[in-house]
Each structure stands twice: as structure tokens, then as C-alpha cells.
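Start from the sequences, fold in the hints, and give me the full structure.
Residue numbers (this note's numbering), protein chains in the order written: chain A, 1 to 113; chain B, 1 to 113.
Read the hints as simulated data drawn from the structure, not as lab findings.
Take a look, some chain A residues computed to stay more than 10 Å from chain B by CB distance:
no.	residue
1	1
2	7
3	11
4	27
5	62
6	64
7	65
8	68
9	72
10	73
11	75
12	77
13	80
14	82
15	86
Covered stretches of chain A, going by a simulated chain B footprint (3 or more residues, C-beta under 8 Å):
no.	region
16	41–52
17	100–111
From the three backbone atoms N, C-alpha and C, an ideal C-beta is built for every residue, glycine too.
Each chain is listed here by its residues.
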Amino acid sequence: EAQVTQNPRYLITVTGKKLTVTCSQNMNHEYMSWYRQDPGLGLRQIYYSMNVEVTDKGDVPEGYKVSRKEKRNFPLILESPSPNQTSLYFCASRAAGNNQPQHFGDGTRLSIL
Amino acid sequence: GDSVTQMEGPVTLSEEAFLTINCTYTATGYPSLFWYVQYPGEGLQLLLKATKADDKGSNKGFEATYRKETTSFHLEKGSVQVSDSAVYFCALGASGGSYIPTFGRGTSLIVHP
Chain A
1 EAQVTQNPRY LITVTGKKLT VTCSQNMNHE YMSWYRQDPG LGLRQIYYSM
51 NVEVTDKGDV PEGYKVSRKE KRNFPLILES PSPNQTSLYF CASRAAGNNQ
101 PQHFGDGTRL SIL
Chain B
1 GDSVTQMEGP VTLSEEAFLT INCTYTATGY PSLFWYVQYP GEGLQLLLKA
51 TKADDKGSNK GFEATYRKET TSFHLEKGSV QVSDSAVYFC ALGASGGSYI
101 PTFGRGTSLI VHP
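And the structure:
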């Protein structure tokens, strides 16, 4: 089954404790993205990647890192999480071609205390 | 830059009512247009898309027509069900030199029995 898999689905942690949210897709998609979803603000893009070893900042990259060492994986790293990063996070992937839709994971709910 | 404007929600309807969710956009290129749906506790999933002017996308009884002259892509359904309760996102595909899709803020739909 074609899917984007994120882990963990839920995480409660404390300020300053490094964490990684993993994302994997099995569709051989070139493009991958991370979004955060906050009430009243919709979806905001954090980082995106156009292919292996090619990443770029989205609209809200501060406090986040990403890497794309393999085509299927695109982890999101919070080196020193803070409470304002409490949010619902989505990973997405799509094939090349501007008419291709995004495929989303089920989301990761992060709470930073 | 590109932008998407969706009607504010929530939209509250009784079962079997007619639904319209308005979406207008500004774009420098000629993007594909998408509607995504997010059910509670899940990620976004593609509902329908249209890739050129006057195309009509349809799925699960929902329809939307790509209107280039009015830069609109309104979502309609003739008879909503309780199971249609969700958040609906209008989106532009990447276009021109941008690899990044643009999402509206989402419109919550609540359908009462």
C-alpha cells in the first residue's frame, strides 16, 4: 500500500531535549515536505526537499533541521525544542510534475513542556 | 507570491443540504488546483483536482471547476452526509519556478443529522 509513515504519532517531552520525528515514503517520490498545523494558521511549510541531499527552507524553518540522505526518508530534527514548537506536524511527499498531488502522513502531535 | 483564500468556517449544515465552499487564488503561473480533505485525527488526503481551465474535478459526490477567468475553484456537493464532516483545504500546485504548493487555511464543515 502506498503510504507516508510518520513516527511517533504522539510525543510529550520537555524543553531542550533533542528529538527526531521520522518520515518514510514507499512511492519513490522525489519531493518531500514537513508542515506544521496550528489552529487559525492552517498549514505552514517548515522544510522541503526536491531530492536526495537537496533541501530548502519553507515558511517557518527556525528551530528545525532536516536531512535527506535516502530518497525514502526525510526526518525532522528539533535540536532544542521549545514550547512554541508544540503543534501537529505532517510529512508529505509527491512525485515530480507540478500537477502531482501531495500524499500526507497521519501526523505527529508534539507537546513541549 | 501565490496565495489561496478560502471562506472562513465553520460551515454548519443539516444532512442532505447543498454545500459550497468558496476558494479563490492568485498565481503567477498556471498551476493545477486541488481540494484536500482532513478527517478528525488523520492527515490530509486528496479529494479532487483539476489541471487546466474549465476542467471539472469530481470524487465522492464533490465537484469543483477550474475557473481561470474568475481565479476560483469552489467546492460543491449536492447533498452532504454526516460523514462529510471534516476540514477542507484548497491548494495550488507548484508552478513557474516554484516547487512549493500553496494551501488555503482550511474550512471546517460540520454536518448535523
